[in-house]
Structure formats: structure tokens, C-alpha cells
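Engineer: With chain W held as given, fit chain G onto it using these hints.
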Amino acid sequence: MKRYGPFYLLLFSTLLLFSISAQAQTNMALYKVITVSSEESTARAKKFINDSDLNTRWGSAFAEPQWVVVDLGSPQTIGRVKLTWEAAYAVQYTVQVSNDNTTWSDVYTQLGGDGGIDEISLAATARYVRLYFIKRRHPYGFSLWEFEIYREGSVTVPTSSATSSAASSAVSSIVATTTSSKASSVTSSSASSTLISNVKTQILPDGKIASYVLEWTRPNKRENGVELLPVEIGGYEIRGRNADRKVTYETRNVSGMATSYADLISLTADVRTLEIAVYDVNGLYSQFVPIEPPVTAPVKKPAMPVNLKIIKK
Amino acid sequence: MARLRSFIFSFGVPTGENTEDLAGFRIFVVKDGQEPNLDEPTADLLVSEAVDGELTFDLKNAVTESGKYDVYVLSYDEAGNESDLAVLEDAAIDFTAPAKPVNLRLR
Numbered sequence: 073m074k075r076y077g078p079f080y081l082l083l084f085s086t087l088l089l090f091s092i093s094a095q096a097q098t099n100m101a102l103y104k105v106i107t108v109s110s111e112e113s114t115a116r117a118k119k120f121i122n123d124s125d126l127n128t129r130w131g132s133a134f135a136e137p138q139w140v141v142v143d144l145g146s147p148q149t150i151g152r153v154k155l156t157w158e159a160a161y162a163v164q165y166t167v168q169v170s171n172d173n174t175t176w177s178d179v180y181t182q183l184g185g186d187g188g189i190d191e192i193s194l195a196a197t198a199r200y201v202r203l204y205f206i207k208r209r210h211p212y213g214f215s216l217w218e219f220e221i222y223r224e225g226s227v228t229v230p231t232s233s234a235t236s237s238a239a240s241s242a243v244s245s246i247v248a249t250t251t252s253s254k255a256s257s258v259t260s261s262s263a264s265s266t267l268i269s270n271v272k273t274q275i276l277p278d279g280k281i282a283s284y285v286l287e288w289t290r291p292n293k294r295e296n297g298v299e300l301l302p303v304e305i306g307g308y309e310i311r312g313r314n315a316d317r318k319v320t321y322e323t324r325n326v327s328g329m330a331t332s333y334a335d336l337i338s339l340t341a342d343v344r345t346l347e348i349a350v351y352d353v354n355g356l357y358s359q360f361v362p363i364e365p366p367v368t369a370p371v372k373k374p375a376m377p378v379n380l381k382i383i384k385k
Numbered sequence: 312m313a314r315l316r317s318f319i320f321s322f323g324v325p326t327g328e329n330t331e332d333l334a335g336f337r338i339f340v341v342k343d344g345q346e347p348n349l350d351e352p353t354a355d356l357l358v359s360e361a362v363d364g365e366l367t368f369d370l371k372n373a374v375t376e377s378g379k380y381d382v383y384v385l386s387y388d389e390a391g392n393e394s395d396l397a398v399l400e401d402a403a404i405d406f407t408a409p410a411k412p413v414n415l416r417l418r
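Residue numbers (the working numbering), protein chains in the order written: chain W, 73 to 385; chain G, 312 to 418.
This is chain W alone, in the form it adopts within the complex (with noise of 0.2 Å):
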């Protein structure tokens, strides 16, 4: 067998960890197949969102919502991606991602979105990402300069601020019963702590779309008090019962990293409350906890237009 002396082990491994570090800072979402909800013209096309050029971007149409999906070609795992706003950003959006581009799961949701750069940590493993936008700052529609996705995730997480809109309800909390240890079973029901504090609920003054803001505080201790740390979260599950108390509503998982969820159609008109858990990451959940019902706020329509007629031929 050949043996290598200390130079060439040194060269291999100094190769070896430039390869590594070239691959956290590759951008992974680089001319990959790209699918939009709309495009505004052919001069905002999808492809300028992932060609690395500042000076081209994607417009969508003027409406809302709009999406962008890239197609990462095998599941990959995702630490940070990158977003460089036009005027046109989205005030509230969510990054979902996805191994059929069918089923989807939310691993961020910004509920006060500024424009500008935003760059953000993630934690997870798939093929396909998805930005959606919910609601845009200016009528003109949704428009990006470049979307990036990469491995490493080195950035802080920006903060979500609420929405400014409509009326919410009354906050409540959320009791864990998860044991301090690895067990798989869930311990006695009986809770003595709040673990998730600060739910809120809110509906958007949207009159098209039923639609409902979720905002709760990351737990960060177990019911017995031991510390529970962000990694340890494996996700919150998010649903809803009607007036008899039974579910009707198609439940939601949200990420551990998550700290809000908004929700556009799901909300169906028999859902009288909303639960919300937390489980760990060997499944244990917390007891779920009812939320009072979202307050509907009243839809102003505005005047219509007044006096078409035609003038020329």
C-alpha cells in the first residue's frame, strides 16, 4: 500500500477544507430551473431572479399572492438563503421547502418585511424552495433582484415584526409535557409551566382572502423547568376544531425555528378555535392549547369606478 508523507497529508487536507469552504459560499440556487406564479413582462422574467446580476431582476404580476419556486435538483441542505428586494418587496412572506414541489413546509414567515437585503439562517433539507409572498407594499406586485440559497447558514435571523392591521385576540399560552430526557414517552398531562407565551391571532382586513397571523414566543424550557434549547424544538403543529370540538381544519407543521405563521386559505368558516403544540425532535408533544377565535375584522369595500364609457373607435 502507497504511503503518503506529511506534505501531501497537508495538501490533502487543506484542499480538502477549501472544497468544503467553497461549498458553504456557493450559491446553490444559480441558474437552476425556476418556476413562477406570474412574470409582469419579458423584461421582469423569472430568469433574471437566479443569474447572479443585480441589474436584472423578476417582476411578478400586480396582485397578490405570488410565488417563486427553485428547483434545487436533489434534496440539499439549506442554511441560509438570500433575498435582494426592488422598490416592489413583499411586506409579508414565507420560505417553504419541499421534496415534491406538492407538500410544503413553512421554515420562515415574515410578518413585517422592509425590502432591502434580507438574509436568513434556516435549518433544513430539500430539493425544492419556495417564496411566497402574501402581501406586497405597493400595488405594482412582487419583484426580486437576485434569490440566493446556500448550504452554510451564518447569518442572524431577521426579527418578524406583527402586522399593523385589524384587531387580535386575547393572548394565551401553551403548556409543554415533554420529560427532561431522550424518553419516548409522554409523561403525565398534568402541566405546571407555560412553556409558549405571547399567541396571538390576528385577520387580515383582506375581503378576498380569509386569512389568520400566528405570533408566539419560542419556548426555552421543558415543563420541569430543564432548559430547552432551539435545536431541541423539532416543530409546532398549528389546527383548528369547530363548534363541536371536533378538527376540520387540515393541520399545519411549522418549523422549530418558527416563531410565527400566517395562513391565507386554510381557514375554512366552521373553525371556532385554533390549537396550537410543540413537539421536540423525537416527536413529544406538548398538550395543544386553544386559542381564543380570530376577531374578523369588518371588509371595507371601497367605491367602484364611476361613468366607463367609450371615447374613441
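I should point out that these hints are in silico values taken from the structure, not numbers from a laboratory.
Be a bit skeptical, because a hint or two may be false.
As the list claims (entries may be wrong) - Calculated cross-link-like contacts (lysine-lysine; reagent style PhoX-like; alpha-carbon spacing at most 25 Å):
| id | chain 1 | residue 1 | chain 2 | residue 2 |
| --- | --- | --- | --- | --- |
| 1 | G | LYS379 | W | LYS381 |
| 2 | G | LYS371 | W | LYS381 |
| 3 | W | LYS154 | W | LYS104 |
| 4 | W | LYS384 | G | LYS371 |
Claimed, not checked - Sample of chain W residues with no beta-carbon within 10 Å of chain G, all distances over it, derived:
| id | residue |
| --- | --- |
| 5 | LYS104 |
| 6 | LYS119 |
| 7 | ASP125 |
| 8 | ALA133 |
| 9 | THR149 |
| 10 | GLU158 |
| 11 | ASN173 |
| 12 | ARG202 |
| 13 | GLU224 |
| 14 | ASN292 |
| 15 | MET329 |
| 16 | TYR351 |
| 17 | ASN354 |
| 18 | LEU356 |
By construction, the Cβ of each residue, glycine as well, lies at the ideal position given by its N, Cα and C atoms.
Structural biologist: Frame of chain W, contents of chain G only:
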């Protein structure tokens, strides 16, 4: 493919109740009998573009095939709330192109 030379219509900015935070108007040009897709307007005009309380729009780029069309307009406010649709004419507008010239010959 049919082409429209020019077809301009106008509409007025509403005043009075529920107009304080109007942001703009969306125009929908759809084939006769079809429902307009509110997520895909033909055009989007800002209320700031109005002149003397009126906006105009030329349909020449919106009609690409012969046929009958309906033209709708709605207004929307800063929050994204939309009004009901206002229609340009009660009956669909006929944009049927004339037949091609025939018997072309050189002399």
C-alpha cells in the same frame, strides 16, 4: 392574429363614501361569457394617474383575437380591498376583424 388600431375608454374616480384611501384601479378584458380572473388584471392604474378625476385606457394591446369582449374595472384601496366590478357596456363589445383583402395582383 387580429390587431386593434385604437379603442380608448375612460372612467371616473369615485368620490364620497369609501373613497378616502383609494389606491388604484384594475382593468379586465375578457372574452364574452368568461369570468374575469381577479388575480390577473389586464392593467393596473394608480389613482395618482387620474387627470381631472378621470382615467383613460386604450384596449389596443389587450385584444389579440377577433371576438366579443367584456371590459370591467374595479377600484382597490391601500389595504387591498376591492370594489365590485364596473362594466363598460351592457353588451359585449364586438372586436371582429374585417376579412383580408383579396385578388391581389400586380399590374
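Engineer: Does each hint fit the structure? Answer for all of them.
Structural biologist: Each hint tested on the structure:
With a C-alpha separation of about 17 Å, the suggested pair LYS379 of chain G and LYS381 of chain W falls inside the 25 Å cut-off, and the hint holds. Between the alpha carbons of LYS371 of chain G and LYS381 of chain W the distance comes to roughly 16 Å, so the proposed pair stays at or under 25 Å and holds. A threshold of 25 Å between alpha carbons decides the hint, and for LYS154 of chain W with LYS104 of chain W the separation of about 15 Å falls inside it, so the pair holds. The hinted pair formed by LYS384 of chain W and LYS371 of chain G meets the criterion: a straight-line CA distance of about 11 Å does not exceed 25 Å.
No Cβ of chain G approaches the Cβ of LYS104 of chain W within 10 Å, the least distance being about 26 Å, so the stated non-interface status holds. Residue placement check: LYS119 of chain W keeps its beta carbon more than 10 Å from all beta carbons of chain G (closest about 21 Å). Chain G leaves ASP125 of chain W outside its interface by the beta-carbon criterion, the shortest separation being 27 Å against a cut-off of 10 Å. Non-interface call for ALA133 of chain W relative to chain G: violated, since the shortest CB-CB distance, roughly 6 Å, does not exceed 10 Å.
Every beta carbon of chain G lies more than 10 Å from that of THR149 of chain W, the smallest distance being close to 34 Å; the non-interface claim holds. Taking the minimum C-beta to C-beta distance to chain G, about 16 Å, the non-interface status of GLU158 of chain W holds against the 10 Å cut. Non-interface status of ASN173 of chain W relative to chain G is upheld: no Cβ of that chain comes within 10 Å, the nearest being about 21 Å off. Residue placement check: ARG202 of chain W keeps its beta carbon more than 10 Å from all beta carbons of chain G (closest about 17 Å).
The non-interface label for GLU224 of chain W is consistent with chain G: the shortest C-beta to C-beta separation is roughly 37 Å, beyond 10 Å. Separation of ASN292 of chain W from chain G is adequate, the least Cβ-Cβ distance of about 36 Å exceeding the 10 Å criterion. Listed as outside the interface, MET329 of chain W is consistent with that label: its C-beta sits roughly 28 Å from the nearest C-beta of chain G, beyond the 10 Å cut-off. Non-interface status of TYR351 of chain W relative to chain G is upheld: no Cβ of that chain comes within 10 Å, the nearest being about 35 Å off.
No Cβ of chain G comes within 10 Å of the Cβ of ASN354 of chain W; the nearest lies about 42 Å off, and the non-interface call holds. The claim that LEU356 of chain W is not at the interface with chain G holds, since no C-beta of that chain comes within 10 Å of its own (minimum 41 Å).
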